Structures are given as structure tokens and as C-alpha cells.
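Participant: Sequence:
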Amino acid sequence: MASAQTPWTGPFQLPTLDRLKAEVPASVVPLDIARRWLGDFTNALRSQPVLLGPLFLEDAFWRDLLALSWDFRSIQSSANIAKYLDAHISSSGLRSLTLCEDSLWAPVLRTPYPDLALLQLSFRFETAAGAGTGTCRLVPIESGEWKAYTIFTCLETLHGFPERIGSLRDRDMYQASWEDTRRAGLEFADGRPAVVIIGAGHCGLELAARLKAIGVRTLVVEKSPRVGDNWRNRYKSLRLHDTVWYDHLPYMPFPSTWPVYAPGAKLGNWLESYAEALDLDVWTSSRVQSANWNAEKKTWALTVRRGEAIRQLQANHLVFATGLNGSIPYSPTIPEQERFKGQVLHSSQFTSPESFRGKKVVVVGACSSAHDISRDCMNYGIDVTMFQRSSTCMVSAEAIGQLVLGMYGEGTSLEYADHVGAATPFAVTRQLHQRAFPHFAATIDKELLDGLARVGFRTNLGPDNAGIMPMVQTRAGGYYLDTGASQEIIDGKIKLKSGGTIAAFTESALRFSDGSELPADIVIFATGFSNPRDVVKDVCSPEVYAKVKPVWGLDDEGELNSVWRGSGHEGLWFALGNLSTARFWTRLLALQIKAYEEGLLKVAS
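Residue numbers for the sequence shown, in our numbering: 722 to 1326.
No lab work stands behind these hints, which were simulated from the structure alone. In this text the structure is predicted, and so the values were computed from the model without any measurement. Mixed in with the good hints there might be a few duds.
With a Cα cut of at most 30 Å, we get these calculated BS3-like pairs of lysine-lysine [to be verified]: (1) Lys1268 x Lys1019; (2) Lys1268 x Lys944; (3) Lys1270 x Lys1018; (4) Lys1062 x Lys1214; (5) Lys957 x Lys1214; (6) Lys1018 x Lys1268; (7) Lys944 x Lys1258; (8) Lys987 x Lys933; (9) Lys1214 x Lys987; (10) Lys944 x Lys1019; (11) Lys1081 x Lys1216; (12) Lys987 x Lys957; (13) Lys1080 x Lys1218; (14) Lys1270 x Lys957.
Model the full assembly from the supplied sequences, consistent with the hints where possible.
Facilitator: Written as C-alpha cells, this is what we have:
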């Protein structure tokens, strides 16, 4: 658990040139500055962490992912950073800092805005437990010196347990039947996988792949008949809103022919191929019926229904990979629903509007699923109305493309892009986006937002005008990345009712608190899902559930609660997020589990 740091009470603002009364010399040589700063930093680490203060801005950040402590930490202020280092330098064994000077990782001066200059340098390091990469961003000050504004350290490997990939891949020439070996391994006849993952979506499969690569026996339990059914069984028009370059899976990237925005069913087929190609152990048509924790043995006793058979398993770790929005659909309770003679369903039950022809459809909600479903209905010539209950954070796919320009695209390095993206604490990202999203609204998205305003669709720029990222981090909803449905609303092809409160159902409509009615034959609630923490109730005891901390949202330091890290209960983990999130964070969760399995975590602690 993160120890308390003294709250930063000063103003929180970006280190602009005006604020620091600084300027960037025309002849700046990033490599020279990086070498000098990292040398001073290394010397201070060897002596006393308190001497690091002059190397940092007073309001600097240090984001540490498993390198100095076995947790995710974002430490703000040079004083707190010194305290953190003083507490963890010795036990972590941080050492062997080496500046990266190759072309991809070499020091570089970046100017995301004309008044913001960041000299970015990266370094490799070792700890008692393993090795990793760090990245620091320096800013100039009035004296001409360069000080650290952010520093990032991330553990990537454990000593003695490298991933068995590339030159370390399996070279066994043993001639036993591969099919027989796979079949026997999949059975888990001894009943002792080290890890059981509930859910064979992308998070569950990517984590299983990471664990397999470092030698951890893992079983994935999936309720559907086939891997990928969680995508195949959703609405037929579903496509990813993130691009192919952003969504590659570890060890098996998409082929160069893959579409920019993948259809959901196509992704489902790819996940099935992924599990097969990587020899992942998945039980389909299976459910974990109960999971009981033995505090003395530190193991889970699991009852699993596999088809018609019941299996008893023991595992050291139980991972819930059941989706960011949990597995329990949420629909508001509307009075007099029993009077309604039409059909009521949740967006998770919607697959195709083909049977809705000739009927009036009302979609309750105005975020991603609501837009996709409404557009799908419109494409079938169906009379569809979207009911917007509150404003939506709206941004175009083109604007998001500008935001990640140069990071994710043809020929870019995923390892580099993922690392550099994670190197920015969420609080700093929020400040940067407070500039970006109002700019998008006034330029790239102006015509779109003006058109929506004309027809009464209410939009917002997210908390503190920082766009969709805070919505993702805190609510995992409340936004729409526009891929075309907004124009259909502007053109009136998707009808809109914005504002008001549903008071009750009638026999053939929704009645609102102002007395107005919206005729409907079919009502679809695109109103999200329960908190992912609630899925624990399905298989674990109330005592276990009570120990699980809040899941998702940000903690006091600005790190995600209970996801990819300790959940509050021993041996219980959550793997949640989109494909890009899973690609980066599954490695970190796999390292934690492996460290527990090998006893390294206790030694390092």
C-alpha cells in the first residue's frame, strides 16, 4: 500500500518558459545536457538522496512502477521525492544507470507547445529484483541550468526469469506428439495452476501470454463456447474506435493488411487465433462457481464447471479479467415498466436491429454504445431517437489522431511509444490536455460541435476541459470518440431528445417529468455496467469482497485503484482496460505474480 506523502500545496501548472523565466539556447545539445544531468543524478544517488533536491523542480513528479517499491506510485514535489528515495533506494538496490544513446531512445528536445520545452532522456537501470528503463524530462530555468520536471522508472524484467521469446524461444527437438502434449497440459490433471484468470477477453489472454512467457502455469476460464465470443456476440456493426497501430497485442501484432478500425467479430476471431497460436490454456464453456481463500496456505480453492463436469482446483492467484465495465449490465429502474407493451433491453443484449424494421426505437444514453446502436438502426432505415440525459464529452477520431501523432503509426516502435506514454503522470497529462482539447474544439472539431449545438446535443470538454482521458480514468464512460454518428444526429437521421427525466413507462411510450411522451416500440438502455468490483461477489465470500478496495478511478497519488496492482486482498487481481492498456500493463502484473511465485517480492521488500 502506498505510504502517505506530504500533499503539494503550491500551484499546479506546467513548467512553461514564462513561468520559469527561461529560454532555450539556440545551440542546445540534448546529449551533452542529458549526460551531465544523469551523471549528477547518479552521484547523488550514491551519496545521499537528500542531495537530489537541486536536480528537480520544486513541483517535480516521480512516477515509479515496481522499480523502487512493489507498487505504482506517483510522487509529487522534490521534498517528497527525496523522502521516497531515502525510504526505498537501499532496499530496491537501484543501480547501473546507463544513458540510452541509440537513435530511437537518444536524448531529444521536444516542444509540445511553443512555451513548453522538454528535454527527454532515457536510461537503463538495474535493481535487486530485475532491470528496467527510466525516462526523465528536463526543463530550463532562469540560470540556464536544466532541472527534472518528471522522472519515470519502470521494472521490465526479473533477474533469472527472462521472457522466452526471440533467441530464448523453445528449441526443444523432442519428438513427442505436440497435440498430445497440448491436450495433456490443458487438462491440468494435478489441479494446480499457479494462476486462474476469469475471462478470455483481450486482457485475460494477454496476461496469460505474458505469464506463459516467464514460466507461470496459467488457466483461463471462459464462460462462452469460443474465445472471442464476447466480441462476436455484440452488435454486428461494432468496430473498435482505436486504430490498429494503437491496439497490437504482445508477441503477435496484427498483420499489415489489418483494417485501421477493426470490426468486433474480426477481433474476436483474432483473439481465438491468438490463444491457439500462443498455446494458451483456455477452458471454454466453463465457469468458476466458487473461490474460497485459505489464509493459512495462501491459496484459492476453486470449483469450476467445465461443460457438464465439475473440477476442483487450487491456485495461488485469481485474476478477474471480466471487462472494464464488469459483467453486470446496469439499467435504471423506471416506474410502470410492466405496462409497456414493447421490448426493453440493455445494450449488451443488442446484436442487430434487423428485427426492428417498421418500429420506433428509443436509445437511452448518449455515449459510445448509444451512438453505435443508433447509427446501426439508422442504417437499417429504422426510426430511432437518442435520449441524451446529460452532456457528453465529444471528440473526433481526427483530433485524437493529432494527439498521438508520431507515437502510434506505421513503423513506430510500440515499446517506445508505450513507455514514453506511461512516463507522463496522469496529473501532468491532464494539464497538457487542458490545452489540447479546447484547441481541438476551436479548430478541428469546431464545425462538428457547432452542428451538434444547433440541434440541441449537449457537449462538454471533460473535467477541467481536459477531454476524454479523465473520463476514462474516473468513470470509464461519459464520452464518445466520434466515428461518424455525430453527423447523422446533425442531419436529423438520428433523432434527438436532450434533457429531461424519464418519469415512467406508458403502454407505448416513455413519459417524461414535464408530461411529454416519446413513442417507442423498443427501448434500449445504453446505460453502462456495474462497477467491476461487483463481479467478486459472484464467486467469492462476503469477507473476501469486503477486503477488495475500490476498482478503477484514481487514488490520492493519481494511480488507478486496484487494477494491475494489489486489490486489497492477497492473491486477487484485476486486469482491465482497452487493448493498448492491456499490452503495457499485463507485463507489470505478470512480473508481480512471478515475483510472488519465486519469493522475490518478499526479498526485495
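Participant: Taking the hints in turn, state whether each one holds.
Facilitator: Status of the hints after comparison with the structure:
1. For the hint pairing Lys1268 with Lys1019, the CA-to-CA distance comes to about 15 Å; that is within 30 Å, so the pair holds.
2. Distance restraint check for Lys1268 and Lys944: the Cα-Cα separation of roughly 26 Å lies within the 30 Å cut-off, and the hinted pair is therefore satisfied.
3. The straight-line distance between the Cα atoms of Lys1270 and Lys1018 is roughly 22 Å, inside the 30 Å bound, and the hint therefore holds.
4. Only pairs whose Cα atoms come within 30 Å are accepted, and Lys1062 paired with Lys1214 is accepted, the gap being roughly 26 Å.
5. With a CA separation close to 20 Å, the supplied pair Lys957 and Lys1214 stays within the 30 Å bound.
6. Restraint check: the Cα-Cα separation between Lys1018 and Lys1268 comes to about 18 Å, which is no more than 30 Å; the hinted pair holds.
7. Pair hint Lys944 plus Lys1258 holds up; C-alpha atoms about 17 Å apart against a cutoff of 30 Å.
8. With a C-alpha separation of about 25 Å, the suggested pair Lys987 and Lys933 falls inside the 30 Å cut-off, and the hint holds.
9. Between Lys1214 and Lys987 the CA atoms are separated by roughly 28 Å; this keeps the pair inside 30 Å, and the hint holds.
10. Using a Cα cut-off of 30 Å, the hinted pair Lys944 and Lys1019 holds, with the two alpha carbons roughly 26 Å apart.
11. At most 30 Å may separate the alpha-carbon atoms for a hinted pair to count; Lys1081 and Lys1216 meet this at roughly 11 Å.
12. Between the alpha carbons of Lys987 and Lys957 the distance comes to roughly 11 Å, so the proposed pair stays at or under 30 Å and holds.
13. Between Lys1080 and Lys1218 the CA atoms are separated by roughly 18 Å; this keeps the pair inside 30 Å, and the hint holds.
14. For the proposed pair Lys1270 and Lys957, the alpha carbon gap of about 36 Å is over 30 Å, so the pair is violated.
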